[in-house]
Structures are given as C-alpha cells and as structure tokens.
Amino acid sequence: MEAIGWPEILGRMALQLLPVWVALAVVFAISITWKRRLGLYGKLFDSRVGMVGFALVMFWVFAALFADMIVTHNPLSQISGMRNATPGTPLRDPAGRYDYFLLGGDALARDVFSRMVMGAREVLRIAPFAAMISFMIGISLGLPAGYLGGRLDTGLTFVANLVLAFPVILLFFLLVAPEIQETAIPRVMAGILFIVPVLFFTVLLNARYFTQPARRNLYVGAVMVVGLWAYSGLAFNADPLGIWGMSPNLLNVFVAVVFVNAPTVFRIVRGITLDIKTRDYVAAAQTRGEGPWYIMLWEILPNARGPLIVDFCLRIGYTTILLGTLGFFGLGVASESPDWGSTINQGRRLLTVYPHAAIAPALALMSLVLGLNLLADGLREESLKD
Amino acid sequence: MLLFLARRIGVMIVTALCLTFIVFYLTNLPAKLETLAKTQAGSRISDAEVASWLDRNGYNQPMLTRYGEWLGVVPGWTREDGDGDVTGRCYRAYGITDPGVAPARCGLLQGYWGESTRFRASVADVIPPRLGATGLLMMWALIVMVPMALIVGVLAGMREGSRTDRTLSTFAIASTATPEYVSGVVFIALLASSTAGLSPLLSSWGWIDAPVLFQGNARSALEKITFWNFTLPVMTIALYGMGYVARITRASMTEVMTQQYIRTARLKGVSFANIVLRHALRNALIAPFTVIMLQIPWLLTGVVIVEVLFSYPGFGWTLFEAAVNNDIELLLAASVVAVIVVLLTQLISDIGYVWLNPRIRVT
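Heads up: the sequence lines are chains A and B, in that order. FYI, in my numbering the residues of the first sequence are 1 to 386. FYI, in my numbering the residues of the second sequence are 387 to 749.
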C-alpha cells in the first residue's frame, strides 16, 4: 500500500472523530434553540469568542469520552516497522487492524493519533477535579478570612503567601518524587486537602437547613455518608467497597496540583469577600440575626459566582498546563502513560528529525487550554453585560 | 515608608526561613538520604551500611539541628575516629584534618554552601556562572517581552471593542494558552528542523546558507550569543509571559480611557495620538509594572523548561539536574536563590507600586 497524503489523513481523522462531531452538533443545536432559558450558559451562545472556546473544550471532552471508539490502535501497543513512521504510513501487515498510522508513529512504534486521543482522557480525568478541589479549599478558607478577618485572616494570608512564594517548578521537583510517595507526606496532605470538600458541603447545608432538623439531618447525613466514603478511598485507599481509589502516583500529582492552585483561589475569594461584605444585603442578613456561615455561604458566595466561574475555567486550563509540565519532566507519571506532557517529552529527543510525535500532543494541549481561556473570556464578557 | 520597609523585610526573612526549612525537610527525608548514601557509597550496599554511612557523615542528628548547622547558627558536627583524627562538617568544608583548627560553625551565614555531588564541585562555584547565564537569557526575554506586551496592550486597550482590539486580544489569549514546552516544540519543528517546517524550503530556495534557519540547541550561546542560537529560547520564554502582561495592560488602558480627564482632553480638541501618549499612557502603566515584576519568578518555571529543552546550561538546567540526580546541597542552594528572587521581586513590585501611584500611602 502507498502512504496517504494530508488531505486523506485529515479526511480519515475527521471520520474517526465522527462521534465527537455528532455529540457537538447535538449539544450546540439544543443549547442554541433554548439559549434564552439557560441563564449564563445560554448567554454564552451570544458571544462568538465564547462559542469557539466552548466548542474547543467540548471537542476534547467528547474525544475523551468516546476515546475507545475513536482510537485506531491500542495506544500502548508497539507495531513492528512503524518506528518514527511519518504521518499516513500504511502498516506492513494490518491483519485486521486499522491500515494506517494517521499521524505517524513515535520512537517506540506506537500510533501518535491514538495516544493523542487517549491523552485527552488522562488530562480531563485530573484537571477539572483538581481545579474543583482547589476551589472548595480556596472558598472554605477565603470566605472566613475575608469575612471574619482578624488573626485568622493574618495567619491564613501568611500561609497562602508562603506557598505562593514557592516557585511552582521547585515544589514539583520536591513534592512529586518516588521517594516522597514512600513517605506519609502525600497521604497526610491528601487527608487534609480532601476533607475540606466534605466539611464544605456539610457546613453549607447545615447553615441553610438547621432550622428544619428533619431535612438537615437527611441532607447532611447523605453528604457525610457519600463524602466520607469517597474520602476514605481517595485519601487513604481504604474504601471498603473498592470503588473510590487512586494510585500513589496519581494521588501525588493530584495533591501537588491542588496545593499549588488553592492559595491563588484563596486570595481571589478573600478579595471578593472583602468587597461584598460591605453591601446592604449582608447588613440586612446580619440584622436578621443570621449566623456567620449562613451569610458567607448563602449571601456572599452566590454573589461572587461571576468572577469565580470565569476563574474556574482559567484554572482548569492552568492545571492542564501544570500537568503537562509534570509530564514534560517525567514526574509522577507511569512511563507508558499517553498523557500529553510525557508524550511531548518523549518526542522532543528526535524533534529536529521527526517532529510529528511531539507536535500532535503539543497542539492538542494548546487547543484545549486556548478553548478554556476563550470560554472564560466569553463568560466574563457575557456576565458583565447585565 | 521606613517602617513599611522594615516590616516587609521582617516578614520576608520569616518567609525565607520557613521556605528553606520546608525545602530542607523535603530534600532530607530518610528515603532521599538513603538514595544519597547509595549513590555515594555504591548502589549495592546493605541497609546496615547505609545506616553507618549516614552516621559517619553526620546525617543522623535531628532535622532541626542539621538545619541549624546548614544555616550556620548551630556548631557543625564533629566526630573523633579511633586513631585520633577528627572529622566534622566544618573540617570537611575547609579541607582541614588537624583537630581544633576548624571554625565551630560553617553554613550559609559563614558563606559555606556545601558540595555538589552531581558536578563534583563546590556549590558556591557551580551556581554563580549559571545564574549569570540565566540572567542573560532573562534579560533578552524581558527586552523582547515587555515592549511587545505593552504595545499590544495599549493598542488593544485604546479603542475597546474595535477590530484591532479583538485581534490583539485573541492573540494575547492564544499566547497565554501556549506553555513553553508547546511553543518551544513548535518553534523547533517549524524553524530549526532540517527535515520539516520552513528551513528546508528556505535553504532549497537559497535564502539561507545554513541548513536550518535558527538553531534548536543553545549550548553554543554560552560562549557567544548570536541571533542564530539565542532567538528560539528567548522567543519561547517571552511568548508565554507576554500574553498575560498584554491583557493586564489592555484592562488598565481601557479603564484609563474612560476617565474624566481623558474626556476633557478630547473635548479640548487634543489629537487622539496625543491623548494616548501624553495623558493615558503613564497612568495605564502602573498595573503592568507590578505584574511584570511578579512575572519574573513566574518565568522561572519557563526558564527551567526552556533551558532543558534547548540544553542551555543555566540556573534552570542546574535546578533540573540537581533534582533529577538528588544533589541535595545544590538543590537547597538553588531553592534559596529562587526563593530570594521571588521575595525580592515582590518587594520591588510593592515599593514600585507605591512610588508610581501617589494615591496609595503606606503607613
């Protein structure tokens, strides 16, 4: 068989990505039809920048979801004769497998296209959740620091500045290492960091429903059961049912990324809280005799949502970049992992001769982060309009 | 102002102590010391030999004591061998074997930074030349980045919502979405590859003599910096930081352009160019200044990535090598330098902010 040219490569890639196109079309059709009823999300479809960003992000989300249908080869299997194959090279002996390496092969004769698609799954499995945990920690500490002030504020701000004064890369070198994984440090840090979301939801619901004990007990009880169940599995790998769990590698990466992100969120939340707590509705709630946690979580937090949603999108992008950095330095990832950072790292050795193995994941990572940044920009613009 | 400075410097010293202790703790974990013993005394030694090696080299004391020794506030350990020879931290530091001659304390305060196991040299000799190399790289990166970012930001911000604004803002967003390891890889593939990108095309047309347009390896820049070997690393660092500064400049510029005095100037009939250059620019540059200063420590990550990618043996490359080879004392020294750079730039940015903006007072 002959090698195929770029038009055919692109055509075949588009065909492989068919599930993604269908899903994107469905989402856009539904969203645009009912955009007036969908609040801020619907307004996103009024802004061209926001729509482009949303499309890029959803492209990778669907690619990660349908990765099993999209990939042409097993991302880990090596196929003889395909080492450093250029894009569009046919397999010598397909034997029922896909006929071509659409984006070529890497230095270990694995399919670059399949690894790129699988890499999306690796990234999107960690980045949004790490950003979410960072946000809950930043909110749970930033609200009281801003609202109550005093010693608590001074102490927390000092700690946040301490972490922020640490060069990120240094923290990664120190914190994400095989020797560290053997110690209790990641477990202890995970134990502290992961309990915060559980406490956050408990306090959130308790503050709202403590006047109706029956409902309060139901909601808080449900949160405690699910939360502590997940907590035992994620932080200590001690889930009795074995559903929640993280490998030590993954936990180490997760903890490091959350640790780097949380102080920035803390500073943002604290700043917004300082601004909002002087508003009249906060004074009204104080006069009604509401407790401090109710005011923080049900008066201040909902009114701070605009900037926080925007920052959340940016933070997922930044987390993606951080994960790429970790992969680039080979920190905390399995050697065969198809995540984009380590694929770039492996590809850079032969970069001047066979650039395709590093370029594909590099462009993938860039497009996802660009999508998130554009989405954040669109959301900011639309939320400022009213 | 003096009180403000004194308080800031006090906080800075406390922060630096905390951070160096954290670094010290993380680099001196038992597991890391075991690795160190194995790299120094042979990889196949038994656990008992590891323990005795650690004991002989003073690693068996409490963490706080050793941190004090390293800082130079606690007397360094000494030990008498059976045959009357005395060894100890300070004896080794100055290469002294006669008992009773070495100073009691030797650490950071006395100017002793330890020995690098990776480079087989004193840390004090390893760090400065590499810091100088990185200084050059940073200087050129800032020379490229700052004017470009300010121009992009001012042009985008002077007419909010115009087509120029849209285009430049998208460009700025795209640049913040391109981390160094992505742009570096793309630059090398596009401009420094002899088989792909632009170089083969240009050389077949006879436009360039060399096989590649730019060099993808910056090691030769250590002897002589040329346009050919230094462009790509500088561009790679500058690009990622540029977008952020440009966006801050744009935001600050759009805010200034809605101020009353700009409207007054416009109603007076001052030309648009004059308004931007004479009235708006100075006030619009206060926010970007602080951001640029805060950007410098942030560029450190980029510096490490770029120096590793382009194999330029600067500070970032040294940090990477120290971390990979578990070179404890070099890593500690590099961390101290990094932390000091971060804290100093924060201080400069605070002072500069107050100095540039007379509306803010520190008391």
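Possibly wrong hints are sitting among the right ones.
[What the hints assert, rightly or not] Partial list, computed: chain B residues near chain A (C-beta under 8 Å): (1) Thr425; (2) Leu495; (3) Gln496; (4) Gly497; (5) Ile559.
[Unchecked claim] To list a few chain A residues with every Cβ distance to chain B over 10 Å, as calculated: (6) Ile30; (7) Phe59; (8) Val71; (9) Leu156; (10) Val168; (11) Glu182; (12) Phe210; (13) Gln212; (14) Ala284; (15) Asn303; (16) Arg305; (17) Arg348; (18) Ala358.
Keep in mind that the hints were calculated from the coordinates and are not lab data. Glycine included, each C-beta is placed from N, C-alpha and C at the ideal position.
Quick rundown of the hints versus the structure:
no. : hint   : result
1   : Thr425 : 12 Å, violated
2   : Leu495 : 21 Å, violated
3   : Gln496 : 25 Å, violated
4   : Gly497 : 23 Å, violated
5   : Ile559 : 5 Å, holds
6   : Ile30  : 27 Å, holds
7   : Phe59  : 15 Å, holds
8   : Val71  : 22 Å, holds
9   : Leu156 : 14 Å, holds
10  : Val168 : 5 Å, violated
11  : Glu182 : 5 Å, violated
12  : Phe210 : 39 Å, holds
13  : Gln212 : 45 Å, holds
14  : Ala284 : 31 Å, holds
15  : Asn303 : 22 Å, holds
16  : Arg305 : 21 Å, holds
17  : Arg348 : 6 Å, violated
18  : Ala358 : 5 Å, violated
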